[in-house]
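Asker: Single-letter residue listing:
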Amino acid sequence: MKAVAGKILFAVLSVLYPILVFCGLRFWGLSPRKLSILLLLLAAFHLISASRKKQPGAASRLKEGCFVAFLLACGVAAFALDNALVLKFYPVLVNVGMLFFFGATLFRKPSFVFRLATFADKRILQTADRSSVERYCDRVTLTWCIFFILNGSVALWTVLCADEKIWSLYNGLISYILMGILFVAEIGVRKMKQSQLQSYIPFSKIEADSRPDDSVVCFSGAGLSGDVKTWADFKADVSKVRQAVEAEPYTAWILNADDVYYFLVAIFALFQSQKKILFSANRQPEFIREIRKPDVGFLNDTGAEGALQIPKIIETYTAKNTWTPFDINAAKAAMYTSGTTGIPKEIPKEGWQYENEANALAERFAAGFANRNFYMTVNHHHIYGMAFSIFVPISAGLPIRRVRFEFPEELEQIVKEPAVIVASPAFLKRLAANRKEPLPFKKPPFWLSAGGLLPDEVANRVEELSGNGVQEIYGCTEAGAIATRRIREKKLWTPVPPNKISFAENGCLKIDSSYTDIGGFVTGDLGKIEDDGTFQLMGRADSIVKIEEKRISLPEVENRLRQTGVVRDVRVVPMTGKRQFLAAAIVLNDEGNARFKGEEKKDINAFFKQHLSGFLENTVQPKKWRYLEELPQDGMGKIKTREVQALFEIPESPNFKILKYHLEGNVLTVKMVIPSTSDYYDGHFPEFKLLPAVVQIDLILRFFRGFMKLPTTIEKMQRVKFSNPIFPEHPVTIEETYSPDTGKLAFKITGEDGKTCSGGTIVLKKENA
Amino acid sequence: MSELNTQIKEVLIKALELEDITPADIEDDAPLFGQNKEGRGLGLDSIDALELGIAIKDNFGVSFSTVNEETRKHFASIDALAAYISANKKD
Numbered sequence: 001m002k003a004v005a006g007k008i009l010f011a012v013l014s015v016l017y018p019i020l021v022f023c024g025l026r027f028w029g030l031s032p033r034k035l036s037i038l039l040l041l042l043a044a045f046h047l048i049s050a051s052r053k054k055q056p057g058a059a060s061r062l063k064e065g066c067f068v069a070f071l072l073a074c075g076v077a078a079f080a081l082d083n084a085l086v087l088k089f090y091p092v093l094v095n096v097g098m099l100f101f102f103g104a105t106l107f108r109k110p111s112f113v114f115r116l117a118t119f120a121d122k123r124i125l126q127t128a129d130r131s132s133v134e135r136y137c138d139r140v141t142l143t144w145c146i147f148f149i150l151n152g153s154v155a156l157w158t159v160l161c162a163d164e165k166i167w168s169l170y171n172g173l174i175s176y177i178l179m180g181i182l183f184v185a186e187i188g189v190r191k192m193k194q195s196q197l198q199s200y201i202p203f204s205k206i207e208a209d210s211r212p213d214d215s216v217v218c219f220s221g222a223g224l225s226g227d228v229k230t231w232a233d234f235k236a237d238v239s240k241v242r243q244a245v246e247a248e249p250y251t252a253w254i255l256n257a258d259d260v261y262y263f264l265v266a267i268f269a270l271f272q273s274q275k276k277i278l279f280s281a282n283r284q285p286e287f288i289r290e291i292r293k294p295d296v297g298f299l300n301d302t303g304a305e306g307a308l309q310i311p312k313i314i315e316t317y318t319a320k321n322t323w324t325p326f327d328i329n330a331a332k333a334a335m336y337t338s339g340t341t342g343i344p345k346e347i348p349k350e351g352w353q354y355e356n357e358a359n360a361l362a363e364r365f366a367a368g369f370a371n372r373n374f375y376m377t378v379n380h381h382h383i384y385g386m387a388f389s390i391f392v393p394i395s396a397g398l399p400i401r402r403v404r405f406e407f408p409e410e411l412e413q414i415v416k417e418p419a420v421i422v423a424s425p426a427f428l429k430r431l432a433a434n435r436k437e438p439l440p441f442k443k444p445p446f447w448l449s450a451g452g453l454l455p456d457e458v459a460n461r462v463e464e465l466s467g468n469g470v471q472e473i474y475g476c477t478e479a480g481a482i483a484t485r486r487i488r489e490k491k492l493w494t495p496v497p498p499n500k501i502s503f504a505e506n507g508c509l510k511i512d513s514s515y516t517d518i519g520g521f522v523t524g525d526l527g528k529i530e531d532d533g534t535f536q537l538m539g540r541a542d543s544i545v546k547i548e549e550k551r552i553s554l555p556e557v558e559n560r561l562r563q564t565g566v567v568r569d570v571r572v573v574p575m576t577g578k579r580q581f582l583a584a585a586i587v588l589n590d591e592g593n594a595r596f597k598g599e600e601k602k603d604i605n606a607f608f609k610q611h612l613s614g615f616l617e618n619t620v621q622p623k624k625w626r627y628l629e630e631l632p633q634d635g636m637g638k639i640k641t642r643e644v645q646a647l648f649e650i651p652e653s654p655n656f657k658i659l660k661y662h663l664e665g666n667v668l669t670v671k672m673v674i675p676s677t678s679d680y681y682d683g684h685f686p687e688f689k690l691l692p693a694v695v696q697i698d699l700i701l702r703f704f705r706g707f708m709k710l711p712t713t714i715e716k717m718q719r720v721k722f723s724n725p726i727f728p729e730h731p732v733t734i735e736e737t738y739s740p741d742t743g744k745l746a747f748k749i750t751g752e753d754g755k756t757c758s759g760g761t762i763v764l765k766k767e768n769a
Numbered sequence: 770m771s772e773l774n775t776q777i778k779e780v781l782i783k784a785l786e787l788e789d790i791t792p793a794d795i796e797d798d799a800p801l802f803g804q805n806k807e808g809r810g811l812g813l814d815s816i817d818a819l820e821l822g823i824a825i826k827d828n829f830g831v832s833f834s835t836v837n838e839e840t841r842k843h844f845a846s847i848d849a850l851a852a853y854i855s856a857n858k859k860d
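Chains D and X are the protein sequences, given in the same order. Heads up, the first sequence is in the numbering used here, so the first residue is 1 and it goes up one at a time. Heads up, the second sequence is in the numbering used here, so the first residue is 770 and it goes up one at a time.
Bound-form chain X, shown alone:
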């Protein structure tokens, strides 16, 4: 699980050309979009979501249907993404 998490983080940093952070800086359960009350979170926006969706499809072979409330949930955090990817990965 945690290895997948790290992979996802690497893909995310590369795809979104994020600067100044390493996979270690991204918390597994912090929100990817915007910030929560404690001020944690990556603060990504909807364009990033599209970009990230494509990168995940390219790297893990898992695609998302059109962006809807359901999809949004999968993008909530690294943990959520990892869960979705493991559940949908065709081995």
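Just chain D, with the same shape it has in the complex:
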């Protein structure tokens, strides 16, 4: 406490010194001898605060000693000689003191300003930006030294050659103003610097010494304070994987790695040794066999069949100094998209496309990305995840989390971290729906979303929760990230420079940029381009269908339905049966749910039909309707036409209502509810409605048939148990897992309270078909 009070008094006296001396001499008629007390006081305060310092170094003791000695000497001289000149030397002395103080740290690094900077933000020490921040801080320290030389010289001139008025005016006011200007100007320059990606190097050109060896490349936990992989680890591991792949005869490698760190290590190893990379998110043996030609190797980190394991290589090989930049024009790759038909399609890519895209994105989003860690909720084997959470951060020297977030709850761990979150609408929808209280981010995260349309209300909710809106990205595997928009600001998409949007001959949007092929890339999207180059998306070209000879754009029907203001999400799909028709799967928003509460389905249908009849002819109005809690979507947040169509292939029944369903591999999950009017309850206890066991089995088989498209003749049932009743109007979730080899269909019905209602295994007869 006393030390602090001493410091404050010292500072106040120091600052006011020129004014006090001037007033003392001019107005208060004090003699220099009396005023010399001020100097002696300053010396005393300084001595007290310096002596309280814990374990001062020799250099610091010497410095403090000299300073106090000078103060004392001046004080004593002024007292003895009763001379004003000596009194006026104090400001010069302060400048000399500061010069030594700042100057000394330039020789004994780290410099004073860098010490201050790292004291305020320890993160700097662990990032690639450290070298550039340090360079900058050294320069600032030097600037202050020059300032003290100049300011001290002027102060000396005012002591020797000017009168008291000028002396006090300069040292008591002007010099402080100059100091303030320099201080503010430096903050401005620093802010500008901080909004730049200071360490950005196109990834093919990164040299072994481009980054500090202990700067973080990847981290495992919430941020940099946990387990990390540094640049030195990275270089070593790249050299090991490089040796391993060069020992094999393959010219191309399939790369599938869940861990971003292994993924990155493999990318650099393969590109440095000029191997083609086939990025595959899918590691199913059947799929790998399909794409693995005789000259193709396979790198993986999860024990996939027939693959070299990256962690194993890192364990067994010895690191060598093999790091080299590589020729980006020789780097070849391929990616696989799921395609609208569901059959994976190979898309060739070249290294320069990735690099130019990363450069463009880094430039576009520099201020948003600078000084942050990268987190992802999407798969990094696809273009969006790869561009934003692999190539941009590695080029910018920003740390990346090794494992992606699967659940919105995980965000809780990173609220203290400066974050860029590479997310998808699927993840954000879940976040918006489940999170009640705000996410207390210290610094609002920079949100990105791509892969599908982000509903406005989800974007708004995310902003409410986190303090920052979502930057939506429009792009595709072939052309990369094309354009961006902030939902709350405007509806139109703004191309990411240097992307240029025009119309192709077929009326679809065409993209030209530094990362598309020379001729540009024609998308399958329709749109409207404004005069200023921004554009609007109007649905996919293949979303124009013919229903009984009448052309109709599916997004148009969807937009008309959205216009009602009661729709959160909608998908209209073409169906064929006896005739062609449209069918609409709708998720009502809160307003819609409130409005139609207690109404029958046919009345809700009638509401939408009535609205559409003003715009669309009968033939192209949806004939069938489903109202769900959520549209079926895959992990990437894409809603597949096929899966929506499956909903309509199970005939609607007044006896049950499907709320949502999800099919992944051989696992089917259906959430449904039985209305109290359902026939299923007839003939059983009228007062106490229970869902009969036989109905449960029937529903399980009905969904299995409908969604999995497999026959359902029962051979036998095993360990089937009905433990809790299923009541009307209480939603339950049916989970079915099918093992094609044994024909076993395991099921479990769970209530919303988490209680198991029934479970068991049905063995299905294997059909010869």
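Worth flagging that the hints you see were computed from the coordinates, not collected in a lab. Treat the hints with caution; some may be incorrect.
[Unchecked claim] With a Cα cut of at most 27 Å, we get these calculated DSSO-like pairs of lysine-lysine:
hint	chain 1	residue 1	chain 2	residue 2
1	X	K842	D	K709
2	D	K34	D	K7
3	X	K783	D	K601
4	D	K510	D	K500
5	D	K689	D	K660
6	D	K63	D	K7
7	X	K858	D	K332
8	D	K638	D	K345
9	X	K858	D	K657
10	X	K826	D	K624
11	D	K205	D	K165
12	D	K638	D	K624
13	X	K858	X	K842
14	D	K755	D	K660
15	D	K689	D	K766
16	X	K842	D	K578
17	X	K783	D	K578
18	D	K193	D	K443
19	D	K602	X	K783
20	D	K550	X	K858
21	D	K578	D	K709
22	D	K624	X	K783
23	D	K624	D	K709
24	D	K744	D	K689
25	X	K842	D	K550
26	D	K689	D	K597
27	D	K546	X	K783
28	D	K660	D	K748
Only a predicted model underlies this, so the values are computations on that prediction, with no experimental measurement involved.
Chain X: place on chain D using the hints.
Answerer: Chain X only, in chain D's frame:
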């Protein structure tokens, strides 16, 4: 008459695979195609008309000549259809 009406409604729902409605939901005098001013009507289209024509022939043995203005009138409502069927049914 009303029993025939119900039969026609059942045939119609089955043939056109209409969802979410029962015969009771179809009004006897409401238009089958499109909607009238009060917003009543099934909103069927011309493809449905062909489909319905075939179903009626199969179930009631009454056929329609090619679709013309006259035929259109018979399809105006359930009542109109019932009248046409009773008049043309060969017992």
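Asker: Hint by hint, say whether it matches the structure.
Answerer: Hints versus structure:
With a CA separation close to 43 Å, the supplied pair K842 of chain X and K709 of chain D exceeds the 27 Å bound. Between K34 of chain D and K7 of chain D, the direct Cα distance comes to roughly 23 Å. Compliance with the 27 Å bound is thereby established for this hinted pair. Of the supplied pair hints, the one linking K783 of chain X and K601 of chain D holds, its CA atoms being roughly 18 Å apart against a limit of 27 Å. Of the supplied pair hints, the one linking K510 of chain D and K500 of chain D holds, its CA atoms being roughly 8 Å apart against a limit of 27 Å.
With a CA separation close to 24 Å, the supplied pair K689 of chain D and K660 of chain D stays within the 27 Å bound. For the proposed pair K63 of chain D and K7 of chain D, the alpha carbon gap of about 17 Å is at most 27 Å, so the pair holds. Between K858 of chain X and K332 of chain D, the direct Cα distance comes to roughly 75 Å. Violation of the 27 Å bound is thereby established for this hinted pair. The hinted pair formed by K638 of chain D and K345 of chain D meets the criterion: a straight-line CA distance of about 16 Å does not exceed 27 Å.
Between K858 of chain X and K657 of chain D the alpha-carbon distance is near 41 Å, which puts this suggested pair outside the 27 Å criterion. A C-alpha spacing of about 25 Å is found between K826 of chain X and K624 of chain D, which places the hinted pair at or below 27 Å, so the restraint holds. Of the pairs offered as hints, the one joining K205 of chain D and K165 of chain D is violated, with about 60 Å between alpha carbons and a cut-off of 27 Å exceeded. Restraint check for K638 of chain D and K624 of chain D: the C-alpha separation of about 22 Å stays at or below 27 Å, so the hint holds.
Taken as a hint, the K858 of chain X and K842 of chain X pair is honoured in the structure, with Cα atoms around 18 Å apart against an allowance of 27 Å. Distance restraint check for K755 of chain D and K660 of chain D: the Cα-Cα separation of roughly 19 Å lies within the 27 Å cut-off, and the hinted pair is therefore satisfied. Taking the CA atoms of K689 of chain D and K766 of chain D, the gap is near 36 Å; set against the 27 Å cutoff, the hint is violated. With a CA separation close to 25 Å, the supplied pair K842 of chain X and K578 of chain D stays within the 27 Å bound.
Only pairs whose Cα atoms come within 27 Å are accepted, and K783 of chain X paired with K578 of chain D is accepted, the gap being roughly 12 Å. For the suggested pair K193 of chain D and K443 of chain D, the alpha carbons sit about 18 Å apart, so the restraint of at most 27 Å is met. For the proposed pair K602 of chain D and K783 of chain X, the alpha carbon gap of about 17 Å is at most 27 Å, so the pair holds. In summary, the hint linking K550 of chain D to K858 of chain X is not supported, as the alpha carbons are separated by about 36 Å, beyond the 27 Å threshold.
Annotation: proposed proximity of K578 of chain D to K709 of chain D holds, straight-line Cα distance about 19 Å (limit 27 Å). As the CA atoms of K624 of chain D and K783 of chain X are separated by approximately 14 Å, the hinted pair is consistent with the 27 Å bound. The suggested pairing of K624 of chain D with K709 of chain D holds, with an alpha-carbon distance near 20 Å, which does not exceed 27 Å. At roughly 30 Å between alpha-carbon atoms, K744 of chain D and K689 of chain D are farther apart than 27 Å, so this suggested pair is violated.
With a CA separation close to 24 Å, the supplied pair K842 of chain X and K550 of chain D stays within the 27 Å bound. A C-alpha spacing of about 22 Å is found between K689 of chain D and K597 of chain D, which places the hinted pair at or below 27 Å, so the restraint holds. For the hint linking K546 of chain D to K783 of chain X, the alpha-carbon distance of about 24 Å falls within 27 Å, and the restraint holds. With a CA separation close to 16 Å, the supplied pair K660 of chain D and K748 of chain D stays within the 27 Å bound.
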